[in-house]
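Assemble the complex: chain Y is given as a structure, and chain B must be docked to it using the hints.
So you can see what is in the structure, the chains are spelled out below.
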Amino acid sequence: MAREKKSLHSLDRREFQVALVSVLIPFLIFFIFVYLPQLMNIFYSFTDWDGYSKKYNFIGLKNYFKFFTYTPMLSSIGNSFIFTICVTILGVITQLGMALLIHRGMKFVGFFKTIFYIPLLFSWVVLSIIWNSILRYNGLLNTFLHAIGLNGLMHDWIGETGTAMASVIFINTWVGFGYGLIIFLAGLSSIPQEINEAAEIDGAKGFIRFRLITLPLIMYSLTIDLFLGIRTLNTFDLIFIMTGGGPRGSTKTVALAIYEEAFRYERVGFACASAVLFTAIVGILAFLQVRTTRKLEIQY
Amino acid sequence: MNTKNLFSHKQMQTIYSVIRYVIAVLALFIIGIPILYGITNAFKLNSEILLSRFFPQSIYFGNFLKVLSDSRVLRGIGNSLYICVFSTIIGCLFCLAASVPIARRKEKIFKIFYFLFISSMIIPPISSFVTLYYIMVKMRLVDNLPAIILLFSAQFMIPIGVLIFSSFMKTIPFELEEAAKIEGCGFFKRILIIIAPLIKAPILSLTILQFPQVWNEFLLPLLFLRRQENRPLTLLIYNYTRDHESDYGAIFALIVVGMTMPLILFLLSRKTIEESISITTGGIKG
Chain Y
2 MAREKKSLHS LDRREFQVAL VSVLIPFLIF FIFVYLPQLM NIFYSFTDWD GYSKKYNFIG
62 LKNYFKFFTY TPMLSSIGNS FIFTICVTIL GVITQLGMAL LIHRGMKFVG FFKTIFYIPL
122 LFSWVVLSII WNSILRYNGL LNTFLHAIGL NGLMHDWIGE TGTAMASVIF INTWVGFGYG
182 LIIFLAGLSS IPQEINEAAE IDGAKGFIRF RLITLPLIMY SLTIDLFLGI RTLNTFDLIF
242 IMTGGGPRGS TKTVALAIYE EAFRYERVGF ACASAVLFTA IVGILAFLQV RTTRKLEIQY
Chain B
3 MNTKNLFSHK QMQTIYSVIR YVIAVLALFI IGIPILYGIT NAFKLNSEIL LSRFFPQSIY
63 FGNFLKVLSD SRVLRGIGNS LYICVFSTII GCLFCLAASV PIARRKEKIF KIFYFLFISS
123 MIIPPISSFV TLYYIMVKMR LVDNLPAIIL LFSAQFMIPI GVLIFSSFMK TIPFELEEAA
183 KIEGCGFFKR ILIIIAPLIK APILSLTILQ FPQVWNEFLL PLLFLRRQEN RPLTLLIYNY
243 TRDHESDYGA IFALIVVGMT MPLILFLLSR KTIEESISIT TGGIKG
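In the order they appear, the protein sequences are chains Y and B. The numbering used here puts the first residue of the first sequence at 2, with every later residue one more than the last. The numbering used here puts the first residue of the second sequence at 3, with every later residue one more than the last.
What the hints contain is simulated information worked out from the structure, not anything from laboratory work. A virtual CB, placed ideally from N, CA and C, is assigned to each residue, including glycine. Do not rely on the hints blindly, as some may be mistaken.
[Said to hold, decoys possible] Some, not all, of what chain Y presents toward chain B, calculated at C-beta under 8 Å:
1. Val24
2. Met99
3. Val126
4. Trp175
5. Leu189
6. Ile192
7. Asn235
8. Gly245
9. Tyr266
10. Val269
11. Thr280
12. Val283
Same shape as in the complex, but just chain Y (with noise of 0.2 Å):
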């Protein structure tokens, strides 16, 4: 007995083995992807690297100071918080909307719901394409416009400074509609039907109805629609292929200002101190935000 015991104890160490060499060579894998890139941003991060020298000089935090200073990437840091906060808050207002529109008694919800999803499948280089197509001056919105006389409404969409950040902010909550959409719909159909019948009871109706009873139970949702929408922060090849970050830097994320710091001015050092802080206030607005939306969510 003893000893069948201890076969079975050694059995299980070895099994251990087996089970950590399985994760490891994967791990392996993905650590020289993802977490070296991120140690060697820390390490360049202190340094005055160009991308090809040989050489380079230890600068102490100099470029952790320049992040901060430096004009150009303090505007590409503004820009990328109104894209995210415009995305973000424009997406919830449509999404959940539909979503309570069309997740009681209607028909069809289904076929909405797959048309709703089609831009998701997209490459930002085909829509990027089409909706140059349109938004151009002698584009498809500006033809509509013309034809039904509104002469003074036509611009020109993504070469103007004062409508360009519209229209990419537009294109992005147009894209990431049917995902949030899919998500709220889940939410609210998880709600139990008696709380539903109950609320009806008790005569709760409108604004008050949706404030007291629907929005704490479908918080999960508006969680991860958050969480989601906190990654648009990382927005770069719809700002890339579309208006390269113009017109004047009017629409320059971090992250391609990042780019362009590494690959167009061979700052490598200064892209590098900047990517490590642009990953530390993605995280910690990551972080905060999940835990601040978490603690409104009801168990039921």
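Structure of chain B alone, referenced to chain Y:
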């Protein structure tokens, strides 16, 4: 003044229902028209595209003939398929190898691995790519397709896949494995006999969610696939718009070609996508 006096309850409901449909259909147009416009443009002559009218005057297939007889385009489609298929397969294998111990072993170290895999989802891709570019250049891995495939599976498959796989694994009763273990069935044999046949669902979820992501990825091939013959379709479209700026018809035909693959996959798997979204979002909660 009360609305009750103007309309009966039933009338109110009908009005509400009409308003609902009107708004939903309006949203349908806003979402659908840009996509449809991209598709109709592919069937127009260059001169007609410049007019920016929605409906084509006549249907013209020349753009597609031109694009699909271009060997670079065929090569691009091939590259995209090659990268997607292999990074999905390798990604699934990695996720399986990582998730089984994470879900089954109770040692703390596996929790740490899990945390490291999952928390990387917060890292902005651009933060990884700056120094990764110099690592890849130094190791001479730029334009090395197998290395790029590993990179794709690490970036796109592993974090979300570990999440999906390990949360799925927790739903498989442990007793079954315990019994096999006592019978002397080894670790890999158990994976093969007990877990592999059940794992089809999460593999499907991961593939459906991430295959299009790999297909559509832009920044990663832009940085790491420099040579023309290695470029996937997405990058090829991007370069085509810069090199042949005024050949609108061909550009839109390329776009339609690029849209086909994810669209087919989506239409085949609509139901699973919703489930996959709820699995992954459920995982973030933990």
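Consistency of the hints with the structure:
The criterion of a C-beta within 8 Å of any C-beta in chain B is met by Val24 (chain Y), whose closest approach is roughly 5 Å, and the hint holds. Hint status for Met99 (chain Y) relative to chain B: holds, with the closest Cβ pair at about 6 Å, below 8 Å. About 5 Å separates the beta-carbon of Val126 (chain Y) from the nearest beta-carbon of chain B, less than 8 Å, and the hint is met. Nearest Cβ of chain B to the Cβ of Trp175 (chain Y): about 7 Å, under the 8 Å cut. The hint holds.
A hinted interface residue such as Leu189 (chain Y) counts as satisfied when its beta carbon comes closer than 8 Å to some beta carbon of chain B; here the least separation is about 13 Å, so the hint is violated. Against a cut-off of 8 Å between C-beta atoms, the interface hint on Ile192 (chain Y) is violated, since the closest Cβ of chain B lies about 15 Å away. The criterion of a C-beta within 8 Å of any C-beta in chain B is met by Asn235 (chain Y), whose closest approach is roughly 4 Å, and the hint holds. Annotation: interface hint on Gly245 (chain Y) violated; nearest CB of chain B at approximately 11 Å, more than 8 Å.
Look at Tyr266 (chain Y): its Cβ only gets to about 12 Å from chain B, farther than 8 Å, so that hint breaks. Because the beta carbon of Val269 (chain Y) sits about 7 Å from the nearest beta carbon in chain B, less than 8 Å, this interface hint is met. The interface hint given for Thr280 (chain Y) is met, as the beta carbon of that residue sits about 5 Å from the closest beta carbon of chain B, less than 8 Å. Interface hint at Val283 (chain Y): satisfied, since its Cβ lies 6 Å from the closest Cβ of chain B, which is below the 8 Å cut-off.
Of the numbered hints listed earlier, those contradicted by the structure are 5, 6, 8, 9.
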